[in-house]
Every structure is written in C-alpha cells, then in structure tokens.
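Trainee: Chain by chain, the residues:
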Amino acid sequence: MTECWDSSTFDAVSRDRRWLLPLLCAAGAACGGPFPQSSLRPRSDFAGAIDRLFTDIFWWAVLVFILVEGLLLFIIVRYRYREGAPTPKPTHGHTLLEIAWTLAPALILVFIAVPTMRTIFATQTDSPAGALRVEVVAHQWWWEYRYPELGVVTANELHLPAGRTVALALTSADVIHSFWAPGLGGKRDVIPGRTNRLVLRPDSVDTLLGQCAEFCGASHANMRLRVMVEAEPAFQAWVGRQQAGAASVAKGSLAEQGQQAFRRYGCVGCHTMGTMSTAIIGPNLTHLGSRMTIAGGLFPNDSVHLTRWIADPPAEKPGSIMPNMHVPAGDLAALIAYLRTMR
Amino acid sequence: MSRLKRLMSWLTTTDHKRIGLLYFYTAFVFFLVGGLEALFIRAQLAQPDGHVVSAETFNQLFTMHGTTMVFLALMPLTASFFNYIVPLQIGARDVAFPRLNAFSYWVFVLGALLMNASWFTGPLFHAGRLNVAPDAGWFGYANLTSRQYSPGPNIDFWLLGLQILGVSSLAAGFNFIVTILNLRAPGMKMMRLPVFSWMTLVTSFLIITAFPVITVALVLLMFDRFFGTHFYLTSAGGDPVLWQHLFWIFGHPEVYILILPAMGIVSEVLPTFARKPLFGYTVVVYSGVLIGFMGWGVWSHHMFSVGLGPIADSVFSATTMLIAVPTGVKIFNWLATLWGGQLRFTTAMLFAIGFIALFTIGGLSGVTHASPPADLQQTDTYYVVAHIHYVLFGGTIFGLFAGMYYWWPKMTGRLLSETLGKWHFALVFVGMNLAFFPMHLIGLLGMPRRIYTYSPDLGVSTLNLVSTIGAFLIGVGVLVFIWNVWRTRTRGQTAGNDPWGGATLEWTISSPPPVHNFDVIPTVASRLPRWTKTQLKAIPEGAKLAEIHVPGGSIWPLVTALGLPVLALAPLSHRLPFAFVGATIILLGIFRWAFEPFEA
Chain A
5 MTECWDSSTF DAVSRDRRWL LPLLCAAGAA CGGPFPQSSL RPRSDFAGAI
55 DRLFTDIFWW AVLVFILVEG LLLFIIVRYR YREGAPTPKP THGHTLLEIA
105 WTLAPALILV FIAVPTMRTI FATQTDSPAG ALRVEVVAHQ WWWEYRYPEL
155 GVVTANELHL PAGRTVALAL TSADVIHSFW APGLGGKRDV IPGRTNRLVL
205 RPDSVDTLLG QCAEFCGASH ANMRLRVMVE AEPAFQAWVG RQQAGAASVA
255 KGSLAEQGQQ AFRRYGCVGC HTMGTMSTAI IGPNLTHLGS RMTIAGGLFP
305 NDSVHLTRWI ADPPAEKPGS IMPNMHVPAG DLAALIAYLR TMR
Chain B
194 MSRLKRLMSW LTTTDHKRIG LLYFYTAFVF FLVGGLEALF IRAQLAQPDG
244 HVVSAETFNQ LFTMHGTTMV FLALMPLTAS FFNYIVPLQI GARDVAFPRL
294 NAFSYWVFVL GALLMNASWF TGPLFHAGRL NVAPDAGWFG YANLTSRQYS
344 PGPNIDFWLL GLQILGVSSL AAGFNFIVTI LNLRAPGMKM MRLPVFSWMT
394 LVTSFLIITA FPVITVALVL LMFDRFFGTH FYLTSAGGDP VLWQHLFWIF
444 GHPEVYILIL PAMGIVSEVL PTFARKPLFG YTVVVYSGVL IGFMGWGVWS
494 HHMFSVGLGP IADSVFSATT MLIAVPTGVK IFNWLATLWG GQLRFTTAML
544 FAIGFIALFT IGGLSGVTHA SPPADLQQTD TYYVVAHIHY VLFGGTIFGL
594 FAGMYYWWPK MTGRLLSETL GKWHFALVFV GMNLAFFPMH LIGLLGMPRR
644 IYTYSPDLGV STLNLVSTIG AFLIGVGVLV FIWNVWRTRT RGQTAGNDPW
694 GGATLEWTIS SPPPVHNFDV IPTVASRLPR WTKTQLKAIP EGAKLAEIHV
744 PGGSIWPLVT ALGLPVLALA PLSHRLPFAF VGATIILLGI FRWAFEPFEA
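Chains A and B, in that order, are what the protein sequence lines are. Everything in the first sequence is counted per my numbering, starting at 5 for the first residue and increasing by one. Everything in the second sequence is counted per my numbering, starting at 194 for the first residue and increasing by one.
Source of the hints: derived by calculation from the structure; they are not laboratory data. Some hints could be false.
[Stated by the list, open to error] Now the stretches of chain A that chain B is said to cover, found in silico as 3 or more residues with beta-carbon under 8 Å:
#1 61 to 73
#2 89 to 101
#3 121 to 131
#4 191 to 198
#5 219 to 232
The C-beta atom is built at its ideal place from N, Cα and C for all residues, glycine as well.
The whole structure should be built from the sequences, with the hints applied where relevant.
Mentor: Below is the structure:
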C-alpha cells in the first residue's frame with residue numbers, strides 16, 4: 005500500500021526518546037520506514053499523557069536494571085570459585101540490610117504510583133460540552149463509525165478534526181473487540197452489552213494506523229483501522245461529502261447494470277446504499293468510493309482488490325461473514341464500476 | 194522381568210519417585226509439543242503476510258501453545274520435582290496418599306491426550322479439516338467461546354480437557370499439603386523446611402484455592418454451550434466480563450503457581466554452589482508466602498482496558514505494584530547469598546543465575562504495565578508477550594532447567610554432561626534474549642498479539658525475523674539438552690550420594706534412592722543438616738531396624754482416571770451413553786480402590 009504517510013510523519017519516535025532511534029536502526033527496522041502504528045508517537049493529549057508517564061517509569065526501570073544486573077555481574081566476577089580460597093563465611097542474614105532493600109523498592113514505587121494515579125484520573129474524564137461525539141461499533145471484523153450529530157455513517161476510516169475534543173462511545177455488535185489507534189492513545193475494549201468511552205483531543209494533522217487488539221476470532225488480524233486527523237476545514241469538507249446523497253448513475257452505463265446487480269445478488273440484504281437499502285449487517289457503502297481501503301482496512305480501495313474481494317471474500321479474509329455470492333465476471337465488472345461511482 | 198511385567202509395574206506404581214519420573218518425561222514431551230507450536234508461530238511471523246499456516250490453524254497454534262505450556266508442560270514439570278524431591282527433602286518414605294498421587298498423574302496424561310486429540314480428529318466432527326484444536330486463546334474470553342461464535346468442537350475440547358486437568362491438579366495439591374504438613378521427619382520444623390519444599394507448600398495452597406475458581410468458570414461455560422444458559426451472554430442479561438473476572442482470579446494465582454516452585458529451586462541451587470547458606474531464609478520464605486497471598490488481590494490488572502473505572506484501576510494498580518516489593522526482596526536476598534561466596538559455575542548454577550538476570554527484566558516490564566495508563570498501550574501487544582516470556586521462560590523454565598541439572602544425578606544416579614550443559618545454557622540464553630527482547634519494541638511499535646499476519650507498513654518485519662531466529666536457537670539448545678539426557682543414560686558419570694555437596698536430606702541417601710528412601714528416618718536438628726556438624730544421628734551399630742512398610746502398586750488409580758475422558762466423550766460427541774460408561778468406570782475404580790488390601 006502506497007498511501008497516506010508522507011515524509012513529515014517520519015518522526016517515528018517522540019522527542020524525549022530519540023535514543024531509541026539508533027537502537028531501532030541497529031535492528032534495521034527504523035531504516036525501513038516510519039512507524040504509523042507506534043505507541044511512541046503520541047498524537048493526542050491522551051496519548052501524550054501516557055507517553056510522559058511511560059517515559060518516567062521506563063527510566064526508573066532502567067535505573068533498577070543497571071543496579072541489579074550490575075551487582076550480579078560484579079558478584080559473578082568477584083566471587084567466582086578460586087582454588088585454595090577459604091570456605092565462605094556462613095552469613096544467615098542482616099536485618100538492617102533487609103529492611104533497607106524492602107524500603108527502597110517501595111519508595112521507588114511511590115514515585116511511580118503517584119503520577120500513575122494522577123494520569124488515571126486525568127485521562128478518564130467526562131467529555132466536555134461541545135465535544136464531537138462518535139459512536140464506534142465493532143463488528144467481526146470491521147469498524148463502523150457513526151457521527152450522530154452529523155448524520156454520517158462510515159467504516160474503518162475514522163475522520164477527526166485536529167484540536168477538537170472527541171468523545172468515542174464504543175459498543176460491539178458481536179464479540180469483545182478492542183479499539184486501538186496507538187497514536188490517539190491507549191486501547192479500550194469494546195464489549196457487547198456495554199458502552200465504553202474514550203475522550204481525547206487529537207493534536208496534529210496525520211494519518212494513524214490502528215487495529216483491533218482483543219482476539220476476536222478467525223480474522224482478528226484483519227480488523228484494521230485508520231484515523232485521518234484533519235484540519236477543521238478539511239474535516240468539514242469531508243463531512244459535507246458524506247452528508248450528500250448517493251451519487252446518481254448514468255442511464256445505460258455499466259454502473260447502472262452494476263446497480264441492478266447490487267440488488268440482484270442480495271448485496272442490499274446486508275449493506276446500506278443511499279436510499280436503496282438500509283441494512284446494517286455490513287458496512288454502509290453509500291460513499292465507499294471515498295474510502296482508501298476495503299474489507300476492514302485490509303486492501304487498498306481499487307478495482308483490482310474490489311474484484312478479488314467480491315469474487316471470494318472468505319478466501320481474502322478468513323472467516324469473512326460476507327459470503328461468496330458467485331457473481332459471474334460480467335456482472336462483477338458492472339458491480340465494480342457501480343461501487344467505484346459511489347463516492 | 195518380562196516386558197509385560199515391567200510395563201505393569203509402571204502402570205500400577207505408587208512410588209513417588211517413579212511417578213516423579215513419569216511426570217517428568219510426559220511433561221517434557223508436552224514441553225516439546227508446545228515448543229513446536231511456538232516454532233510454527235514464529236515461522237509464520239518471520240515476515241509480514243506470512244503463509245506458513247492458515248489463519249484458523251494459527252489461532253489453534255497460539256491457543257494450544259499457551260494452554261500446553263501452562264497446564265501440560267510447566268505445571269507438571271514442577272509437579273515432577275514436587276514428587277521426586279519433596280519426600281526426600283522432608284525425610285519421608287513417600288507422599289501421604291501414594292495412590293492418589295498415581296491418580297493425579299494418570300488424570301493429567303489422559304486429560305492432556307484428550308485435549309491434544311483435537312489436532313487429529315476434525316474428520317470425526319465433519320469439520321472439513323484435520324485439526325479442530327481449541328482456538329479462542331488460552332484465556333478463552335467469553336462470548337467468543339459461545340456456541341454462536343465458536344460452533345465447532347474446538348472449545349469443547351478445551352473446556353473438557355481443562356476440567357479434567359483441574360481434577361489432577363487439585364488431587365496433587367491436597368496430597369502435597371498433607372505430605373509436607375504431616376510427614377516431616379522428626380525435628381524438621383516448618384522453619385527448617387528447605388525453601389523448595391516451602392514453595393511447594395505455598396504453590397499447593399494456591400492450586401487448591403485457584404482451581405475451583407476456573408472450574409466454576411468452565412462449568413458455567415459448559416452450561417452456556419451445551420444447555421442454553423446465558424451466564425456469559427448479553428442476550429439474556431449475562432455478561433462476558435464475568436468470565437474475565439473468574440478467569441483472572443484463577444489466572445493470576447496461576448502465574449505464582451508457575452513461578453514459586455522455580456524460585457524454590459533457585460533458592461536450593463544458589464546456596465549449594467556458593468557454599469553459603471541462603472541469605473535471609475526467613476524473609477525469603479515469608480516473602481514467598483506473602484506473594485502467594487497478594488496474588489489474590491491483583492487480578493483486574495489483566496483487565497485495565499475493560500473500562501472498570503478510575504477507582505478500580507487505581508486500587509488494582511496499587512496492589513500490583515506492592516507485589517514488586519516481596520519479589521524485589523527475594524532478588525536482593527539471592528544476590529546477598531552469592532555475595533562473599535565461592536561460586537562454582539555448574540550448569541545448574543548458570544541457569545539459576547540466568548533466572549535472576551532474566552526474571553529481573555520480566556519484573557521490571559511488569560512494573561511498567563502495573564501502571565494502567567501505560568498498560569493501555571501495552572496490553573494485548575507483543576510487549577506483554579515479551580514480559581510473560583521473561584517471567585515464564587527466563588524465570589520458570591530457567592529455574593526448571595537448573596533443577597534438572599541439579600537433581601538429575603539424584604533421580605537417575607548419573608550426572609548430566611557439564612560440557613553439553615554449558616552449550617545448552619549458552620544457546621538457550623542467547624536464543625531467549627534474541628527471541629523475546631525485540632518483542633518489547635515490536636509491541637511498543639504497535640503490533641498486537643494473537644495476529645496471524647501483519648502489514649509490512651508497521652515497520653516491525655526485521656525485529657520479527659530476529660525474534661524468529663532466536664526462537665529456533667532455543668530449539669537447538671533444547672535439542673542439545675535432549676542429546677545430553679540421552680547420552681547420560683549410558684555414558685554419564687556415576688553420581689554417588691552427593692555430587693554437589695548439598696545441604697539437605699536428599700543428598701544423604703543413594704542415587705537413585707531405594708524404594709523406601711531412608712533406611713532409618715533421620716532426626717533433623719538444623720536447617721542445613723549436611724552442613725552443620727553432628728546433625729544427623731548415626732544409626733547405632735547392630736540396632737534392629739523397624740520393618741519398613743511401602744505400599745504395593747495398584748491399577749485402580751489408572752482405571753478410575755480412565756473414566757474421566759470417557760465421561761468427557763459424552764458432551765464432545767453429543768452421545769449420552771458415554772456418560773454412563775464413564776461414570777461406571779469411575780465408580781468401579783473407586784470401589785476397588787477403596788477395598789484394595791494393603792500389601793507390602
């Protein structure tokens with residue numbers, strides 16, 4: 005896939021963790037490109053708070069690591085067996101020492117626990133008035149996003165305005181999933197029968213990758229998502245396009261044949277398409293052409309992949325609930341032409 | 194002895210030493226099976242968009258890798274040492290209930306075989322594939338495990354197999370509690386108990402308290418799947434999160450069930466090869482007990498992403514961080530044991546020191562996800578996979594290998610080769626760090642766990658390749674160990690009673706010990722009987738020895754155990770008659786067992 009992240013997103017690692025870069029380069033990984041799904045690349049207030057906390061804890065861990073492993077290495081070298089050395093003194097304990105090394109870790113933990121509690125309460129707040137509300141509905145294996153105030157319903161690609169607080173309400177249509185776009189912050193499980201919340205404010209224009217983080221069945225690996233954080237005007241423009249009705253198809257065109265095929269092969273049984281159908285089992289396809297990916301963020305949205313996908317979904321995505329409808333090649337081409345028109 | 198007779202002697206044995214060996218070899222085979230599953234997983238993930246196995250098979254592989262390693266490899270490997278070593282350490286002739294001990298073993302084998310039969314029995318269920326192994330993760334989160342989302346026999350194999358294994362663990366748990374509390378030699382006060390036996394006691398208490406919880410959870414799941422109840426289903430007011438609470442109330446103590454025995458082994462090995470008593474014995478024992486207790490108050494740290502609210506998150510975060518204190522105390526006590534010693538780097542010692550080095554890393558990464566906000570980025574990613582493997586591989590398995598090299602001469606009469614042992618250690622140590630250290634970064638860079646494929650866009654391809662190379666290096670190391678065991682059978686150096694100069698009772702008797710262990714039950718006067726002068730009373734010349742009663746063998750534990758998998762066939766195949774057959778076998782077995790005459 006060739007899209008979305010330009011060179012400006014190359015700061016894979018946040019400011020205070022530049023030291024990681026040589027490490028990653030040594031592993032040959034950083035040189036391969038940016039890390040669009042990295043948790044070390046915070047792009048929201050929520051992710052930033054976590055990142056600062058983790059950095060703190062990380063350095064405490066490094067300190068203890070150096071202390072313990074250093075001591076161990078020293079002991080290994082200093083007290084290795086030597087021929088003819090006297091039998092060691094049988095020490096059984098030392099009360100003061102033992103009290104000291106009980107208190108020391110306890111003290112370090114206080115330095116970790118206090119900012120931890122602070123961050124817990126700071127990041128689990130109620131959403132402020134005026135926050136953009138988005139309902140996230142997880143399905144096996146794709147994401148549905150509903151913007152109730154805007155009347156927009158889309159799938160897999162979440163569009164958010166930069167600088168505005170967003171309140172995500174997460175529910176599941178089937179099993180437990182977990183919504184995770186590391187750049188936006190920590191994950192939150194999506195549980196049937198419950199509504200979970202995430203409140204966060206994306207702070208820079210960027211395209212972030214994410215995916216389901218709770219094992220949810222055969223295609224758990226294929227339940228991916230994208231977050232397009234856009235400047236307010238670009239976001240408004242996107243909303244405008246999504247609010248428009250379905251594109252019309254020219255009479256006698258291939259797309260029109262495709263529209264009939266869409267009805268004939270039962271697509272309408274599962275997918276919403278403009279005013280033609282209102283089914284909600286699969287993703288809303290009214291503006292499919294405006295999306296970059298299909299099939300749960302798995303493939304780029306182009307004719308080749310669409311054709312392959314519709315020809316045999318379970319072969320492309322194990323366990324896919326969308327069945328193979330055995331669409332003959334001619335009708336398939338018409339269907340693709342139609343779907344490509346639906347922008 | 195004819196071949197049949199020899200076979201029967203193993204099938205009917207109630208000797209804790211033979212059962213210990215049976216546990217060892219069986220569990221080691223399952224360790225290899227779980228390892229093979231891991232290598233398939235690593236082969237698939239060596240590069241992005243891998244095609245070594247299908248998605249369905251991959252999901253079965255990681256489910257069975259976790260289930261196998263926890264229930265069929267690590268727990269029974271620790272059980273093999275409980276069996277072989279604890280009676281020797283406390284100066285007993287056998288465990289308290291020898292036939293129950295045999296029963297535990299046979300139930301374990303049969304439950305393990307039943308669960309693994311799922312790899313080959315797909316055609317019996319018209320599944321359209323050979324393998325119908327469990328595929329919802331070793332943690333089997335509801336409601337993915339419901340009949341609606343997992344219609345096949347996969348989850349049935351899992352929940353029935355685990356219930357059977359629970360019977361085995363519970364019986365063993367009770368057996369070792371009674372053994373350690375009641376069968377100690379005269380003078381073996383609780384605070385003279387070797388640390389390994391202490392940790393066995395704590396572990397056994399954890400087993401008998403934790404396994405009922407998962408049994409309840411599994412029974413509810415069984416009712417949901419077979420009888421249409423809705424304990425975990427929202428459709429009629431149930432709640433899938435209930436499963437998570439039950440599973441982790443079991444699951445976290447389970448982590449300590451896996452690590453405490455290894456800590457016990459390390460606490461035996463370090464003093465022996467440092468030629469110094471364990472530093473702060475009392476504190477090490479008490480912190481082990483404390484860890485056992487505290488392990489009950491932290492389960493929700495597995496559930497920070499569930500959204501239990503800031504209060505619950507804070508409380509479970511605090512209790513989790515507190516556990517780091519007794520754990521840290523143990524590490525410092527081990528270091529102080531080594532300090533000032535004369536360290537002999539035998540293979541057992543290398544693995545014990547490796548335990549300290551690697552377990553420390555696992556503990557520190559554990560502290561990072563004791564912090565809920567940080568955990569929200571880390572949970573369900575490879576960062577946690579790295580953490581658990583530093584704890585359970587770097588910790589438990591290193592501890593177990595230390596125990597194998599340490600006690601092998603006692604158990605077989607022959608010393609494992611130290612040269613091959615050092616190769617084994619080096620390969621596994623390097624391989625383990627190559628395999629699991631990069632996973633910290635893979636996780637932080639955004640790769641979730643339990644995915645059969647990943648996009649090259651994530652930028653973690655090279656790191657994954659390194660990890661796979663490390664995993665195969667571990668495999669080579671384990672092959673070296675197998676070769677070592679094989680050649681030791683005939684070419685190993687004879688051990689004598691005490692090749693290491695150990696301090697505890699097991700080193701006072703021959704290797705392997707006679708059936709009755711001790712000619713005369715020793716009277717213990719100190720914590721380190723062999724290191725303190727005038728500790729063991731010598732047998733007076735010409736004294737008449739009391740008659741020694743050793744229980745004879747019995748086939749009925751095996752027969753009774755056989756009833757359980759037959760019983761499980763009933764729900765598995767949806768054929769009721771199996772239930773009656775199974776129940777009859779169990780009743781018959783128990784009846785004959787109960788009225789079996791005692792024979793010497």
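Trainee: Of the hints stated earlier, which fail here?
Mentor: Checked against the structure, no hint fails, so every one of them is satisfied.
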